[in-house]
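Engineer: Each protein sequence line maps, in turn, to chains R and P.
Position one of the first sequence corresponds to residue -14 (my numbering), numbered consecutively onward.
Position one of the second sequence corresponds to residue 908 (my numbering), numbered consecutively onward.
Check each hint, because a few of them may be wrong.
[As the list claims (entries may be wrong)] List time: in silico DSSO-like cross-link candidates among lysine-lysine, alpha-carbon distance up to 30 Å: (1) P/Lys1242 with P/Lys1158; (2) R/Lys98 with P/Lys939; (3) P/Lys998 with P/Lys1029; (4) P/Lys1054 with R/Lys60; (5) R/Lys60 with P/Lys1019; (6) P/Lys1302 with R/Lys60; (7) R/Lys174 with P/Lys1302; (8) R/Lys253 with R/Lys183; (9) P/Lys927 with R/Lys183; (10) R/Lys98 with P/Lys1289; (11) P/Lys1289 with R/Lys67; (12) P/Lys1224 with P/Lys1053; (13) P/Lys1034 with P/Lys1022.
Calculated directly from the structure, the hints in this document are not laboratory data.
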Amino acid sequence: MNRIECMMSVVWCRHERSMRLIILEDAGVVADWAARFVLQRITQFAPGPGRHFVLGLPTGGTPLGMYRRLIDFYKEGRLSFKYVTTFNMDEYVGLPRDHPESYHYYMWNEFFKHVDIEPGNAHVLDGNAADLVAECKRFEELIAAAGGVHLFIGGIGPDGHIAFNEPGSSLVSRTRVKTLAYDTLEANKRFFGNDISKVPRQALTVGVGTVMDAKEVMILITGAHKALALAKAVEEGVNHMWTVSAFQQHAQALFVCDEDATLELRVKTVKYFKALSEEHQRMIQRRVEEQRVIH
Amino acid sequence: MKPKSGLTRFYNCYILRDSKIIKEDLWIRDGKIENPEQVFYVEQLQADVTVNCEGLLIAPGFIDIQINGGWGVDFSYDSENVKEGLRKVSKELLAHGVTSFCPTMVTSDVDKYRKILPLIKKTDGGKHGATILGLHLEGPFINLAKKGAHVEELIRIPENGIKTIEEVYGSLDNVVIVTLAPELAGATEAIKELADMGIRVALGHSTASLAQGEEAVECGANLITHLFNAMLPFHHRDPGLVGLLASTTQKQVFYGIISDGIHTHPAALRIASRTNPEGLVLVSDAVAAQGLADGNYHIGPQHVTVEGGRAYVTGTKVLCGSTTALDACVATLRKSLDCSLEYALEAASLHPAKALGIDNRKGRLNFGCDADFVMLHPDKIKIESTWIAGECVYKCNKM
């Protein structure tokens, strides 16, 4: 029995410890679904003074739509980030904080400035710290001091990397300095005037182990160019060459993807998870009490 | 000094920054424009005060580098109550979105210069009125043939360069712009020396050829006073000072434009702006009659009649400055050029700031600049409120 058949053999819902794949129409629906899920989780948690919801956050093109929806929810008064603490996954080393490609810049412009989060609760790794190793240690300690991450949201690269945990990274890694793979430099040079020498060669990133420690993980995957990575993540075994595959073993991991990203999946896999779509819709619709029953 | 403002966030607004109108909050502190990203990540602070702008546009405050007076006050004439007059005009200007200006004196006698110049000091703005950047002295070193409304007997030649200029004006401490005719004897030397002193030289009331104009620019002049007015008309064999707009000199030349709908035909405005868009500086060139009803007034020692909003030398049809404030000039410019709102607003803020070399602190809403700005209705270019160094100094009644 391969892994998929094994997964299918369990009765969904009643089995808490398993990975879910949620297949939605397109990137827009993925963004909306992900934002509603965050809304649902924060609301369910009912954060308040001394009781912060801890959120792990990604950057990049995939989560952009989700941030926009979250900003809408905030503006509509449905969601507040006053008692939310956030930890970002990664940041380039040596890039000025206000450089348009820095993740500080992204988070400020795409999210933080639009909502009511307290500046002291929004944590982004400092790629300009004098002591990078100490900065990584500090970040891990901050996460621990916050009581761990309730929900870590991530995206993946076409090579299946999560954060800057590139192919070959340890699956038990912690926050650390990473030298970027040549592929990544090549892929990112378009953001740096097509000049590979301008692309930062190092980044600070949370480890796969750091994300694995979160109580719940939601990975967003959209577009045909991510299809192979999704197939590797879901249909094959845990493999450090496709670091996102580690989340098969997470107690509560969700892969949220669009139709395009399923192109490399088996029909059987897609049909199986699509059959569960009603269940998935309920995940973001149910009232808090009912939600608890499912788990 | 004025009170320091706390960290204030203006939200629900559009702002004009880097020639674009964008949906963005404006943060200020201690009279300067702040970088909120820096405040968030480094200082980890939130705003002390938030101001809901209800969808208004925030633009840099207007800078009028040529204004002879207004509301009955004539900077060139009223030597007895200079300070009071200055106070009146600088206060009234706030309602027109003007946050900085250069009080302008037309050709006057030595006695007037000695009395008035020392009294018009560079002054920070506030609730009492707009910032006084320094004087603009238009004349007396101008060409008789292009005297316009200036008094013939008082017109001089700077035969000994800066020496003659200082003999006439006295101290130049409070002066930031001198308008002169570059073809006069001694003018070239004077331009060099004025430029060395950090004073901007504007070319005007002149019959200069393009070659003379270019030489003046090479010597340090960087402005043309009320383009098209009081200079040779454009001629294709020698385009004169107008030709400086398309000259091959490397330096950016700025030119004052009175876009009151009277002084310059819309087609002429378009020619200027299309030829040299970055150089267009809106000026009001307003006279004492600004803000007053039709009637008889004086500009310098001369009598002026206002008829239907136009100011003439009494008994003639010679125009002698406008009666339109800068906010209305912005609206007229926009209509005449059919240009973007961004361009029209920058012509009254960023461009004059650049012309004076103060765009590192005025004329922009960039981080670190003075928090001098206006809030306006973008459709009507109607000033809702005016702010200097982060302080609200004027508010339209309806707000």
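Engineer: Mind checking the alpha carbons of R/Lys253 and R/Lys183 for me, to see if they're no more than 30 Å apart?
Structural biologist: Given pair R/Lys253, R/Lys183 is violated - Cα atoms ~44 Å apart, limit 30 Å.
Engineer: Within a Cα-Cα threshold of 30 Å, do P/Lys998 and P/Lys1029 meet the stated pairing?
Structural biologist: holds, 15 Å
Engineer: With a cut-off of 30 Å on the C-alpha distance, tell me whether R/Lys60 and P/Lys1019 pass.
Structural biologist: With a Cα-Cα distance of about 61 Å, the restraint between R/Lys60 and P/Lys1019 is violated, given a limit of 30 Å.
Engineer: Against the 30 Å threshold, does the CA-CA distance of R/Lys98 and P/Lys1289 hold or violate the hint?
Structural biologist: holds, 29 Å
Engineer: Hey, P/Lys1242 versus P/Lys1158, does the alpha-carbon distance stay inside 30 Å?
Structural biologist: Holds - the C-alpha atoms of P/Lys1158 and P/Lys1242 are around 29 Å apart, at most 30 Å.
Engineer: Would the hint linking P/Lys1054 and R/Lys60 be met if the CA-CA limit is 30 Å?
Structural biologist: Cα-Cα ~61 Å, so violated.
Engineer: For the pair supplied as a hint, P/Lys1224 and P/Lys1053, confirm whether the alpha-carbon distance does not exceed 30 Å.
Structural biologist: holds, 15 Å
Engineer: Does P/Lys1289 pair with R/Lys67 here, judged by a C-alpha cut-off of 30 Å?
Structural biologist: Violated - the C-alpha atoms of R/Lys67 and P/Lys1289 are around 37 Å apart, more than 30 Å.
Engineer: Below or equal to 30 Å on CA atoms is what counts here, so check P/Lys927 against R/Lys183.
Structural biologist: This hinted pair holds, its Cα atoms lying about 28 Å apart.
Engineer: So if I understand the rule, the pair passes when the alpha-carbon distance is 30 Å or less; does P/Lys1034 with P/Lys1022 pass?
Structural biologist: holds, 27 Å
Engineer: Does the alpha-carbon distance linking P/Lys1302 and R/Lys60 stay inside the 30 Å limit?
Structural biologist: holds, 28 Å
Engineer: Run the distance test for R/Lys174 versus P/Lys1302: straight-line Cα separation, threshold 30 Å.
Structural biologist: violated, 49 Å
Of the numbered hints listed earlier, those contradicted by the structure are 4, 5, 7, 8 and 11.
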